[in-house]
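There are 2 protein chains.
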Amino acid sequence: MAAFGRVYNFSAGPAVLPIEVLQEAQADLLNYGGSGTSVMEMSHRSKAFEGIIKAAEADLRTLLSIPDNYKVLFLQGGASTQFATLVHNLTAVGDVADYVVTGAWSKKAYEEGLKLGVKANLAAKGDNKSIPAVDGWKLSPDAKFVHYCDNETIGGVEFQEAPEVGDRVLVADMSSNFLSKPVDVSKYGIIYAGAQKNVGPAGVVIAIVRDDLLGNTR
Amino acid sequence: MAAFGRVYNFSAGPAVLPIEVLQEAQADLLNYGGSGTSVMEMSHRSKAFEGIIKAAEADLRTLLSIPDNYKVLFLQGGASTQFATLVHNLTAVGDVADYVVTGAWSKKAYEEGLKLGVKANLAAKGDNKSIPAVDGWKLSPDAKFVHYCDNETIGGVEFQEAPEVGDRVLVADMSSNFLSKPVDVSKYGIIYAGAQKNVGPAGVVIAIVRDDLLGNTR
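Chains B and U, in that order, give the protein sequences. Under the UniProt record's numbering, the first residue of the first sequence is numbered 1, with each subsequent residue one higher. Under the UniProt record's numbering, the first residue of the second sequence is numbered 1, with each subsequent residue one higher.
Incorrect hints may appear among the rest.
One copy or two, it doesn't matter: identical chains are merged, so the pair holds either way.
[Stated by the list, open to error] Computed cross-link-like contacts, SDA-like style, restricted to lysine to any residue with a CA-CA straight-line distance of at most 25 Å: (1) 138 <-> 75; (2) 138 <-> 204; (3) 115 <-> 85; (4) 47 <-> 15; (5) 108 <-> 43; (6) 187 <-> 59; (7) 119 <-> 5; (8) 47 <-> 162; (9) 129 <-> 161; (10) 181 <-> 43; (11) 47 <-> 6; (12) 108 <-> 217; (13) 107 <-> 55; (14) 181 <-> 29; (15) 47 <-> 9; (16) 187 <-> 62; (17) 187 <-> 96; (18) 115 <-> 126; (19) 54 <-> 218; (20) 47 <-> 161; (21) 47 <-> 19; (22) 47 <-> 5; (23) 54 <-> 13; (24) 47 <-> 7; (25) 54 <-> 107; (26) 181 <-> 40; (27) 129 <-> 213; (28) 107 <-> 130; (29) 119 <-> 96.
Keep in mind the hints are simulated off the structure, nothing from the lab. These numbers come from a predicted model, not from an experiment.
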């Protein structure tokens with residue numbers, strides 16, 4: 001796209017967006033869909049914005065074949081905020097939670113768990129280059145969830161499929177490989193991903209949460 | 001601005017942005033300042049973005065005459081997230097905090113304090129129409145902070161100046177009147193405001209924090 005003077009950014013940060021997407025955003029910036037306002041000015045309760053958020057959810061449900069018993073949440077705070085959010089929503093103080101650490105991001109999630117009063121069990125720790133064999137993970141029988149990071153950006157450690165954790169609640173940080181491959185959502189309790197790497201601009205995190213895990217917040 | 005089919009929104013939600021601001025954002029959307037990328041695609045560590053955030057902070061410091069011993073933070077999560085953030089950063093469990101409730105927003109802040117293990121003291125409660133006389137507020141001698149909302153949108157209850165709380169740390173939610181008038185920042189420990197009402201699009205909250213209050217997080 002030399003005509004636009006476009007530069008391609010292959011670093012681990014925010015991703016390049018398709019030129020057609022940027023052009024549509026640009027065209028709508030002053031007057032979204034004939035509403036007379038920019039999307040930046042409209043109420044989150046307006047019909048125009050309701051249309052945007054519903055279409056975004058429907059598209060995501062189609063792309064990932066998300067089952068009906070999962071809610072799709074568009075949240076603020078970035079993926080790192082989820083390290084605390086999931087602990088607050090899935091555990092009481094003193095509960096056990098399993099963490100698998102395969103790199104910097106899953107380590108941060110584990111450290112957040114330690115801060116928030118759960119018994120954070122380091123079920124497995126990798127060498128930042130490969131995934132420790134899943135059948136060697138020391139999972140707790142009473143863990144409220146098992147957290148791992150599906151793709152660690154720094155070491156490039158990526159899971160090829162959902163690890164087998166029995167009937168435990170599997171929680172995955174998919175920030176850096178979200179929508180890059182088909183995922184069997186039904187194997188997960190929660191999938192979350194910061195939008196800025198693969199699906200949109202910074203500031204939004206997407207959480208896909210199984211119905212039965214909702215409503216138990218501390 | 002009939003030529004653009006613009007509609008003016010006077011509701012309590014996101015504010016109308018000046019057409020010149022929207023036009024500049026639109027023009028830069030594909031290629032910010034000749035960088036070859038959209039602002040939505042660039043790394044937060046890039047020189048281009050560093051220029052944006054530094055200019056935003058410098059402009060804000062000029063507009064509000066912010067003293068040098070205050071930090072300016074651009075945060076995610078919206079102003080409501082600050083209800084918890086300030087408790088985590090200013091108190092230990094069991095500490096006392098004073099809350100003045102003059103409407104729905106300051107009530108939510110008070111309720112969040114109750115949840116997070118502080119002794120939340122309801123120092124004053126208004127009738128959602130007027131401000132209870134400040135000299136009647138039952139402030140605690142050992143309060144870690146005094147929280148109030150400078151303008152309650154639903155009842156339209158707005159303070160005309162910073163309430164006198166002695167040498168206590170005054171914390172103000174200014175989401176709905178931020179930058180609408182000069183403020184003596186030096187009277188406050190923390191001023192915070194969701195950006196979407198008065199200064200920008202949704203998703204950003206601005207916190208102005210006095211230096212000595214930093215670094216004591218739980």
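If you test the structure against every hint from before, which numbers come out violated? Hints 1, 2, 7, 8, 13, 14, 19, 20, 25 and 27 not satisfied by this model.
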